[in-house]
Amino acid sequence: MQLSTKHLLGIRDLQASDIQTILDTATQFKEVLQRPIKKVPTLRDVTIVNLFYENSTRTRISFELAEKRLSADTINFTASGSSVSKGESLLDTVNNILSMKVDMVVMRHSASGAPHFLAKHIPAAIINAGDGINEHPTQALLDAFSIREKLGSLEGKKVAIIGDIMHSRVALSNIYLLKKMGAEVMVAGPPTLIPVHITEAFGIPVEYNLRKALEWCDVANVLRIQLERQNQVLFSSLREYSLAYGINRKLLDGLSKEIVIMHPGPINRGVELDSDAADSKQSIILQQVENGVAVRMAVLYLLAGKVSNL
Amino acid sequence: MKTILTEKELAITIQRLSHQLLENHLAYDDLAIIGIQPRGIFFSNRIVQQINQQIAPEKITYGKLDITFYRDDVRQGLHTLNQTDIPFSIEKKTVILVDDVLYTGRTVRAAMDALLAFGRPAKVELCILIDRRFSREVPIQADYAGRSIDTIITQKVKVLWKERDGKEEVVLL
Numbered sequence: 001m002q003l004s005t006k007h008l009l010g011i012r013d014l015q016a017s018d019i020q021t022i023l024d025t026a027t028q029f030k031e032v033l034q035r036p037i038k039k040v041p042t043l044r045d046v047t048i049v050n051l052f053y054e055n056s057t058r059t060r061i062s063f064e065l066a067e068k069r070l071s072a073d074t075i076n077f078t079a080s081g082s083s084v085s086k087g088e089s090l091l092d093t094v095n096n097i098l099s100m101k102v103d104m105v106v107m108r109h110s111a112s113g114a115p116h117f118l119a120k121h122i123p124a125a126i127i128n129a130g131d132g133i134n135e136h137p138t139q140a141l142l143d144a145f146s147i148r149e150k151l152g153s154l155e156g157k158k159v160a161i162i163g164d165i166m167h168s169r170v171a172l173s174n175i176y177l178l179k180k181m182g183a184e185v186m187v188a189g190p191p192t193l194i195p196v197h198i199t200e201a202f203g204i205p206v207e208y209n210l211r212k213a214l215e216w217c218d219v220a221n222v223l224r225i226q227l228e229r230q231n232q233v234l235f236s237s238l239r240e241y242s243l244a245y246g247i248n249r250k251l252l253d254g255l256s257k258e259i260v261i262m263h264p265g266p267i268n269r270g271v272e273l274d275s276d277a278a279d280s281k282q283s284i285i286l287q288q289v290e291n292g293v294a295v296r297m298a299v300l301y302l303l304a305g306k307v308s309n310l
Numbered sequence: 001m002k003t004i005l006t007e008k009e010l011a012i013t014i015q016r017l018s019h020q021l022l023e024n025h026l027a028y029d030d031l032a033i034i035g036i037q038p039r040g041i042f043f044s045n046r047i048v049q050q051i052n053q054q055i056a057p058e059k060i061t062y063g064k065l066d067i068t069f070y071r072d073d074v075r076q077g078l079h080t081l082n083q084t085d086i087p088f089s090i091e092k093k094t095v096i097l098v099d100d101v102l103y104t105g106r107t108v109r110a111a112m113d114a115l116l117a118f119g120r121p122a123k124v125e126l127c128i129l130i131d132r133r134f135s136r137e138v139p140i141q142a143d144y145a146g147r148s149i150d151t152i153i154t155q156k157v158k159v160l161w162k163e164r165d166g167k168e169e170v171v172l173l
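Sequence lines, in order, name chains Y and B.
For the first sequence, this note's numbering begins at 1 and goes up steadily by one.
For the second sequence, this note's numbering begins at 1 and goes up steadily by one.
Just so you know, the hints here were simulated from the structure itself, not pulled from any lab data.
C-beta atoms are modelled at their ideal positions from N, C-alpha and C, and glycine is treated no differently.
Among these hints, one or two may not hold up.
Claimed, not checked - Heads up, incomplete: computed chain B residues facing chain Y, CB under 10 Å, no partners named:
1) Asn52
2) His79
3) Leu81
4) Gly119
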């Protein structure tokens, strides 16, 4: 019932038993969220800062709700409108916040490795809410929780991660997690959006044909095309991407079995996912969002155990 | 090691407590029994089984409550979570909290706190198998007790159940 780590920097550092503990704990928190009063007094003495150097809707609201439902005190920090725009460094900003007695830091940053850097320099527990193109561990955990809820377990399940693998921290965290938990993983997308050495690095198959990938999998985790992270043109147009890699009702109906559709959001409707697929019964996209709060409560609860004020 | 209740005595005590509960709550439509996780469940399962036999074919409303999040020592180390299962409203019901051993009273305090997240019960009562008298740290007393015993702090009361420990008895270590 203890995690092997003080911070949650990435799925890479977690053991399979840690992941199991987090998912099991999240199950109990999901029950808390069904109660008439969806709040427990567990983290009454903990102060958490949400440090968002990059835009976010879901993750930030989800973390904030998770913190509030655990009765923690929260401070929200966004880079715009703060002294960051006056040129204050990351370490200075965080040290200033920590000197006001903050116990945990939830952070998102556009630079890969920013939370790892902070973890080396500050005493507070750090939860990575997405760093550059590296990892987004809580997203992978909530994806795993949602798959487990829908299909019963992760072991032996076939998950295809589809789309922009190259720029996606969700993809990387998911690959680590699914492999650790005994699921089969495949990545699919246009060759320009898939890292060249991914098969050697992770031992996972690559599929360039969307239909074949969908035929293979039990779950399709469809990623967002991240226009903001692309400096060069990796495909000719959104329309062409959509024609080759967009998932729609017709494509899903043509498959030999019913697969589960997931998406970490925000959806580019009509690009990687059509509305008739995203809003169908096969999609668990909104369940993912719902489970996100329970999973983040579990992570906060388990890591706060390592913060000692007493 | 000293045996407080043998298997036979334990069975009789459980039967007596379930009869007492029923006697005091003849209108059992408004009654809900809630066992406290993890160890109170074995005891509450038996109480509920006895009551259901008495009122068959009807069934008493029965739930399980995990109090981990409400413990006053929750931040002094991680505690294993258990399942909470209260699939009914406790609003305006008489709730009987059921646990195996009443010692400091802190668990019951936390349970009452946790219970309020599910609504406002008309009344809350406490049913305990073993009451360790004179060792309370908060002002809480049982309404129904299987056996009251005098113990000192260094002693430990252990309740053994068939499905978990292979035999059924209560011992003082």
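Structure-based check of all given hints:
1. Asn52: violated, 24 Å
2. His79: holds, 7 Å
3. Leu81: Since chain Y brings a Cβ to about 4 Å from Leu81/B, closer than 10 Å, the hint holds.
4. Gly119: Gly119/B check passes; min Cβ-Cβ to chain Y is 6 Å, inside 10 Å.
In the structure shown, a violation is registered for the earlier hint numbered 1 alone.
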